[in-house]
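In the order they appear, the protein sequences are chains H and W. What the first sequence shows, in my numbering, is residues 1 to 424, in sequence order. What the second sequence shows, in my numbering, is residues 1 to 434, in sequence order.
Derived from the structure by calculation, the hints contain no laboratory data. It should be emphasised that the depicted structure is a prediction, and the values quoted were computed from it without experimental measurement. One or more of the hints may lead you astray.
Claimed, not checked - Okay, the calculated beta carbon distance ranges per label pair:
hint : chain 1 : residue 1 : chain 2 : residue 2 : range
1    : H       : D147      : W       : E2        : 17 to 27 Å
2    : W       : R36       : H       : D39       : 33 to 43 Å
3    : W       : P404      : H       : R53       : 29 to 39 Å
4    : W       : M1        : H       : G348      : 42 to 52 Å
Claimed, not checked - Pulled from the structure, derived: some chain H residues nowhere near chain W, Cβ distances all over 12 Å:
hint : residue
5    : E32
6    : D154
7    : I169
As the list claims (entries may be wrong) - Anything over 10 Å on all C-beta distances counts as not near chain H; from chain W, calculated:
hint : residue
8    : S25
9    : V52
10   : R53
11   : P312
12   : K318
13   : P404
Glycine residues also receive a C-beta, built at the ideal position from the N, C-alpha and C atoms.
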Amino acid sequence: MDRKVYILGGAQTDFERNWTKEGKNMLALLKEVTADGLDGAGLSFDDVRELKREDRVACFVGNFIAEKYTEQGHLGALLTEVDPVFYGVPSARYEAACASGSVAIDAAQTKIQTGDYDVAIVIGWELMKTVDSKVGGDFLGRAAFYDKESKGIDLPFPKLFGRLADETIRKYGVNEERYMDSLAQIAVTNYANAKRNPLSQTRKWFMSLEQAKMRGTETNPYIGGRLAASDCSQVTDGAAVVVLASERFVKERYIKEKPILKGYGHRVAPMLFDKKMQEQQGSRYILPWTRQAVLDAYRRSGLSVEEIDVFETHDCFTSSEYAAISAFGLTEPGREYEAVESGMIALGGTKPINPSGGLIGCGHPVGASGVRMFLDLYKQVMGIAGRYQVMGAENAMMLNIGGSATTNYTFVVGRPKKREEDVG
Amino acid sequence: METKTVTVIGATGTMGSNVAGIFASFGNAKVYCVGRDIEKVKKTLPRIVKSVRADAIAENLIPADLSMLESCVFDSNLIFESSAENMEVKAGIARRVGQAMKKTAVSCTGTSGLSITDLAGCYPKKLRERFFGVHMFNPPYNMPLCEVTPTIYSDRTVLDELKTYLKDVLFRTVVEVKDSPAFLGNRIGFQFINEALQYADRYKDNGGIDYIDAILGSFTGRAMAPLTTSDFVGLDVHKAIVDNIYQHTQDHVHETFLLPMFFRKLLSEKKLGRKTGGGLYQLIRYENGLKRQTVYDINTETYRDVIPYVFPFEDKMKKYLAEGDYAKAFGQLVKNRSQEAEICVSFLLKYIVYALYATKEVGYSIEAADDVMAAGFNWCPPLAMFQAFSTATDVSALIRERLPDICAKVDIDRLLMDIEPSKYDYRIYFKSGR
């Protein structure tokens, strides 16, 4: 990472909201999050107007599949309907299934790195409650190979991640009960953390270890293979914004104490789940390309797992968070349950994962999730995460995946000073 | 505060059963569910489980009847009485609980309006300090408000422990209120609802009930229109609340707590609302599965189809809200001088003023008014309502202009001094669509 990319701040919407029930459309969502996001970054619409005149600002929109949920494409240009200030601002939509937010961030940071722009506004969003869960599940099936893995199948993704659970048990010979109890504990930790997050979807919901373990009951039915409702992330309406800036901009505005992007990783695994599973047989990791994306971010940031104080991961299902534990390097592969059982990854543990509540607790508006995670890294490093703050967090890492861990994106965000010391 | 074991008295009732679910889930307590008829209690248990969407709590629920009350209470750290809203019934139970409870236990009543101090008097002198009002809202799984009322006898340390338990363990929005009729949330909320009822009567030639609900619908910052809310909670409950306030308070909106004649007639005919299959509204279900929403027509005293009113100001507001243009929506509301828009504005402004007034009398801080209305009614809370209007106009000036009668009766300058930014986001409460 040659040039510094600063994170000025941003905002997320309240993930508890059902915008269809409120009778509000995507413009309402985008107007709110854009206004709040710029405000959170200390910028005004007038700032954007001025930057636009000098061709120093661009927008990057992350969204998976608005064409299906809201019958709308051309989402970069759609921002001109949000506010006339965006007339003339370069803006495009980026897509990588549930990692759409991350690919938008990556494009934005690249444009800051090249020096083309000084300010990059990243907006991730998805409205998912426009349809029922069965129809929505089918839409999401397009994140897999639709023809071969989703077509005509009810809720294809829970089934794929149920298979990941099966394969994990098979690969490592881990005791099945121990494994399933770890998944239950992962769900409970995410729900518990979400109670501390005033913008999380499940903040009023009840979950306990007993309930998470009572799979197959009326209130916790099986959804995909051995995974039950408590193992799944939520169907969520929501949006998130982060604003990135160049060093030149930060100096020009006398902006102080903002975190920087320290590294990233981006690896694509075989699209088909079967091929992923064939390929991983030669690796110690069940998701080798996920692991590689983590290693890439460590390499680019010059940091190791010991120096990361907090993680946000893509717990679309408990089985994916489980696999992420060793991918981050928190345990040896096959021994992920140790980090769950010891409390290491709980809030208050030595390496908290998902203090926000993650996709299970905070919610999962797919195109927004990458941006929401990135915003949470910013909040943690800034020390402004409120009741879900990890005390003294200096460096934070996120893992955002698309499909059945097909697109793998990682980012490391941290305080700039620390990095100079490390490198120096 | 020890809370391993809880007794809920009146566990077959709507509130009692839902509150038992809260203690058994978030509180992870063993809950004695006490009702008059143990068979009825047993039949209620699946509903309790469903209310918190958790089969895991089933093992925490123990059915009991009133003959077992003393043994349940003696075994409990916390007793929650949710029996019929009747002083004699509650006093009788309070005396039995007082004789049976452990010295270290805490006892609460869920009354929505009876005097907590009078009920405390039913306990032995030494135990009065451990008795409180704990008023939750329905359904508590979605409405986290919990109004806590101490009395002159209360032990402050016990009160603080109880509040901490309700807040940190049960995840309630805890608001301490004074022992005043109907406490704070219902005082503000039912002032609004009952005045809407009076307006329905006044404007019965315009349609009455559905006319007023159309003017004060979800686009005005609430999940449910006010008279639909009355129908939902039950006309008998509505009556109990407003009668209690009318009899025991005296303020500038005193007359707005009076029930109109047509409402008394519905009550006498036992048309109590949704729970009896008809009240202010009546949902007609046909054998083929079709449903038809009808409304009581005050003039003809019959149920007729709900009129799909379209008011130009409302139509424009909803279009703005649908696209997130809040300032334009409120601008339209304030600018439009149709009868309907003026009624709408006056209700929303009166709500702000009365909330400011009532919270001074019943609460301890202005935030209390916001907490009770957001967490107990899911209405845009008053301070947030002030902010919403502020996007379009000078609200203080608007209040003086539109509410001259009220401004003549209260010290409006003094009340408006309490206005501060709300911690609630007004945008989530104003909905477009029906």
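Exercise for the section: Give me the numbers of the hints this structure contradicts, sorted from smallest to largest. Expected result: 1, 2, 3, 4, 5, 8, 9, 10, 12
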